[in-house]
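Spelled out, the chains give:
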Amino acid sequence: MRLIRKAAALVTLAVVFAWDLVRSSAQVTAIVLQPRARHHPKIVAVPTVLEKDWSVGTLAYLTSLTPGSTCLHVSEDRRLLYIHMLDAPDEQAAIAKFQSHYEIRLRILER
Amino acid sequence: MIASSVLAAVLGIVLSVALALTAWRMVVGPTFADRFVALDMLTALAVAFGVLAAVATGRSAFLDVGLGISIINFVATIAFATFLERRGTSE
Amino acid sequence: MIGQLFLIAGAALLLVAAVGLLRLTDPFQRMHAATKAGTLGVALMLIGAILIDDVARTSTGLFTILFLLLTLPVGAQLLGRAAYMSGATLDQIECDDPLAGVLDRQQAPLSERLDGTEPEEQR
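Protein chains in written order, with the working numbering: chain A, 96 to 206; chain B, 50 to 140; chain C, 44 to 166.
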């Protein structure tokens, strides 16, 4: 039962991530081609509840692979990820996006 | 359905424009980080040209060239980041 | 046919990345455009080349894509952190910077500290 949940989480993570890749590529394209710069680049500190090293690493890997967000640094106690975002008008919404898209699924995989 | 060689020629022109823009950023630069991001882009373009050559000639050996370039690029990125962190932060 | 569409999409993404490299205003934003959009464009072009069937060797193409996707985040993270620590220009750093005090950051970019000239005009 637990194995099935993990497999489902893995598959949904892959699908969600692939979709995010396409969508954020389109967003970066729109930002690059807009006539006047209207985006808000920002460094966001994203708190995470993940415990294992490999899951925090995977979260940083996934955020760094999407265009529009780069993980710059992970704090020593692995509780905070410092992510530079190309367009983050709303900090809380960006954090909520990371948590609802990746963190929940990684949490299931972790157990 | 377009002939592969024609498509490769047209895309080669598109990539040449990208190459010119990247070279401009490399020259202008203002900081080292800018120049290195431009170098990263140059290697990506080199791999892309390799792919186009493979499509145009039908020889898959050009894909091997792309693999080699991307491996060198990875090592170069890490070496440069280490340089920037050491040389950049010690007074 | 699908392979050719992939090739065109990849080349377009590379062009967008180059334009972004020219237009965006600080090294971190340029990295979003160039390193990531550029590499994803190359990956798309490789998929296209694999799908066009007279280019025979599929394994090399797949291996290159795998290698690119594995190394891209590592390089981006190292380069971004090094750029931050060496004091590369960063837009909107004055209003809000959660990294301040976590990582050491130099006041001016390395190139300016090396030769002591006036800061160049930011394009």
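The set of hints was computed from the structure by calculation and includes no laboratory data.
Incorrect hints may appear among the rest.
Stretch by stretch, here's where chain C covers chain B in the computed footprint (C-beta under 8 Å, at least three residues) [as the list claims (entries may be wrong)]:
#, stretch
1, 51 to 57
2, 65 to 76
3, 93 to 104
4, 109 to 120
Here a beta-carbon is modelled for each residue, glycine too, at the ideal position from N, C-alpha and C.
So, going through the hints one by one against the coordinates:
Figure legend: the stretch 51 to 57 of chain B, annotated as covered by chain C; annotation consistent (3 residues with Cβ-Cβ distances under 8 Å, at least 3 required). Requiring three or more residues with a Cβ within less than 8 Å of a Cβ of chain C, the coverage given for the stretch 65 to 76 of chain B holds, as 7 such residues are present. A count of 8 residues in the stretch 93 to 104 of chain B with a Cβ less than 8 Å from any Cβ of chain C is obtained; the coverage claim is therefore met, three being the minimum. A count of 7 residues in the stretch 109 to 120 of chain B with a Cβ less than 8 Å from any Cβ of chain C is obtained; the coverage claim is therefore met, three being the minimum.
Hint violations for this structure: none, all hints satisfied.
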